[in-house]
Amino acid sequence: MSDTDATGRISTSSPVTPPAPTATPPDGMRRIRMPQRLRNLEFWLLLMACFINASAIVLVQLGALGRIDTQLVLLGAGLSVLVFGLHIVMRFVARDADPFLLPIATVLNGLGIAQIYRIDIAFGDSGWESASVRQIAWSAIAIIAAIGTMLLIRNHRVLFRYTYLSGLIAIVLLLLPLVPGLGQEINGARVWISFGSFATFQPGEIAKIALAVFFAGYLVRNRDSLSMVGTKFLGMRFPRARDLGPLLIVWALSMAVIVFQRDLGTALLYFGLFLVMLYVATSRLSWVVLGLSLFLAGALIASQTLDYVHARFENWLVPFSDARYDADPGGSYQLVQGLFGLANGGLIGTGWGRGSPDITPVPQSDYIIASLGEELGLAGLFAIFALYVLLVARGFRIGFAGQDDFGKLLGVGLAFVVALQVFIVVGGVTRVIPLTGLTTPFLAAGGSSLIANWIIVALLLRLSDTVRNHPRLVIDG
Amino acid sequence: MSELTLLVLQLGFLLLLWVFIFAIVYALRSDLFGQRVRKLQTDGTGATPPGGFAAAPVKAAAAAGGAGAAGAAGAAASGSSDSPSKLVITSGQKAGTEFPLGRDEITIGRSSDSAIIIRDDYTSTHHARMMLWNGRWMIQDLDSTNGTFLDGARVTAPVPIPLGATIKVGATTFELRR
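These protein sequence lines are chains V and L, in that order.
Residues 1 to 477 in the UniProt record's numbering are what the first sequence lists, from first letter to last.
Residues 1 to 178 in the UniProt record's numbering are what the second sequence lists, from first letter to last.
Derived from the structure by calculation, the hints contain no laboratory data.
One or more of the hints may lead you astray.
Stated by the list, open to error - Coverage of chain L stretches by chain V, computed from C-beta distances (three or more under 8 Å per stretch; other residues unrestricted): (1) 21 to 28; (2) 85 to 93; (3) 116 to 123; (4) 132 to 140; (5) 152 to 164.
Unchecked claim - Counterexamples of contact, computed for chain L against chain V with all Cβ distances above 10 Å: (6) ASP143; (7) ASN146; (8) GLY147; (9) PHE149; (10) THR172; (11) GLU175; (12) ARG178.
Backbone N, C-alpha and C define an ideal beta-carbon position, used for all residues, glycine too.
Kindly generate the complete structure, drawing on both the sequences and the hints.
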């Protein structure tokens, strides 16, 4: 076994690893210039990631066009330069950050761009009209936002001070699409705001980060009353009625999202995030039981009273009935075409650019998983899921290794929000749960989602750097 | 471009994707399977690898919930010359080594997450932790198999650590100094 592990700690050469370069070392400690093993590992993984992304675009062109067009390859190369820019920034400001998050996010982003580009070819879009060029531009903005986050937030505990402010920001962002004139309704859901005709933005995506910060700060401050007291019933300790307030407020918030913004997925995402963070903070199963029954009751009532929710449930249960398939607004046509696409892909897929994902409506955003599944097959789809698993597992690991309670909760919350979002989208496309409109993190076309997820990656990187910057002492018996 | 070439290229791409995933998994293998311990384990309960997303440490931390903020404020307020500034190892492998005390809690154990990692036969994965509570350093035993001793007495509940008192974890003893 080598003398370092993946966490980059040297266990044999020096008894005390040096603290952060910014901190002045106390007397009696030597400051050693360590080779940046973690960053070097990241560099090689990033090279591989960029190679995967470039070959995906080239394969799309070979499969769909039969020739290589250098223009988009060059645009993709520009993105690689930015990713390496983030890598170099981390060499200076976050030397001990996790080396796996950045390459994984890069590959996911690149696969998304390649698939969106393939759909553009099928639709005959090019230039600024095409979703892929816009996706590359948004990716560039998102990576720059991530670099900005790394530079701006040097210690995640700063966020703890702004707990209630971020709660307020989350609420404001959620309410923005409801403002007349600013908000825009697309396909029935009112979750976008538009700046003229050139760009739309989904503020709810950014709100999930603010909510994670708020929940983490709030729970660290208040979890004693939420976890210690209560009566025991059915082998579980249930909270007192007066401690139910926060749960009920978040529940009401997600129900309001379902009713007013007509967005089932976002509601599920926020509520699930709160429940999991509550569970991690208090380690009491009764919160999960209470919360899930509240949400299921709400969803059932919504499915009976709200037409669009009812249609979603019907599509989920009987998608192949003629009546559902032919129903024009809100029928199961999209769902069924997505399933046909996945079936057409089979085990190894039709090959980049050689399937027909363009039959499914919106194959580049909500249904990008079905498009990728058709062209890369089960083997490729499972590779994508494995990447998500690794990304989320690193996030949990960072939370687990954290030294302060706020950092622990924030790490778990940010990682879980990615996991839950992937589950909601993929579960919807594969008919495990009713289909709801959420973006697949990093893959789907959409600027707000990209920015939010890259900021999540930047925050997790920052957390992991702080975790490892702690002075450590290793005693081998 | 023939069908066969495209098929081979497609297979090559999928292979590349999986090679990337396994490269990552290989690089973090010690996180998945735990760090290798030098000697044979006699301590059965502590043998769980540090991986696995357990809620237990978070729950344990709940006992001192908000201690981070409250303790930090307390330390700033007291700030007297009485507060210890370092931890000194007095016996064991690294006798004489000093460890700076900040304001963050210090975890002790065999797990690679710990601030002070003691890898010997007597230390549990998460053995004990020290935290600043109202300006005083406290020690808490985290249900370790072989116990934590403060001046020879086994620590059962969190207790404050006087300056110069001997704390024993496994085969290592240390004390707090100004």
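Now for the hints, and whether the structure bears them out:
1. Given a C-beta distance limit of less than 8 Å, the hint that chain V covers the region 21 to 28 of chain L holds, as 6 residues qualify and 3 suffice.
2. Three residues within the 8 Å Cβ limit are the bar, and the region 85 to 93 of chain L against chain V gives 5, so the coverage statement holds.
3. Only residues whose C-beta sits within less than 8 Å of a C-beta in chain V count toward coverage, and the region 116 to 123 of chain L has 8 of them, enough to reach three; the restraint holds.
4. Three residues within the 8 Å Cβ limit are the bar, and the region 132 to 140 of chain L against chain V gives 0, so the coverage statement is violated.
5. Coverage of the region 152 to 164 of chain L by chain V is violated [criterion: at least 3 residues with CB-CB distance below 8 Å; count 0].
6. Distance to chain V confirms ASP143 (chain L) as a non-interface residue, since its nearest Cβ pair spans about 15 Å, more than 10 Å.
7. At roughly 12 Å from the closest C-beta of chain V, the C-beta of ASN146 (chain L) stays outside 10 Å, upholding its exclusion from the interface.
8. Look at GLY147 (chain L): its CB is around 16 Å from the nearest CB on chain V, clear of 10 Å, so calling it non-interface holds up.
9. For PHE149 (chain L), the requirement that its beta carbon stay farther than 10 Å from each beta carbon of chain V is met, with the minimum near 17 Å.
10. With a minimum CB-CB distance of about 6 Å to chain V, THR172 (chain L) fails to clear the 10 Å threshold, and the non-interface call is violated.
11. Taking the minimum C-beta to C-beta distance to chain V, about 14 Å, the non-interface status of GLU175 (chain L) holds against the 10 Å cut.
12. At roughly 13 Å from the closest C-beta of chain V, the C-beta of ARG178 (chain L) stays outside 10 Å, upholding its exclusion from the interface.
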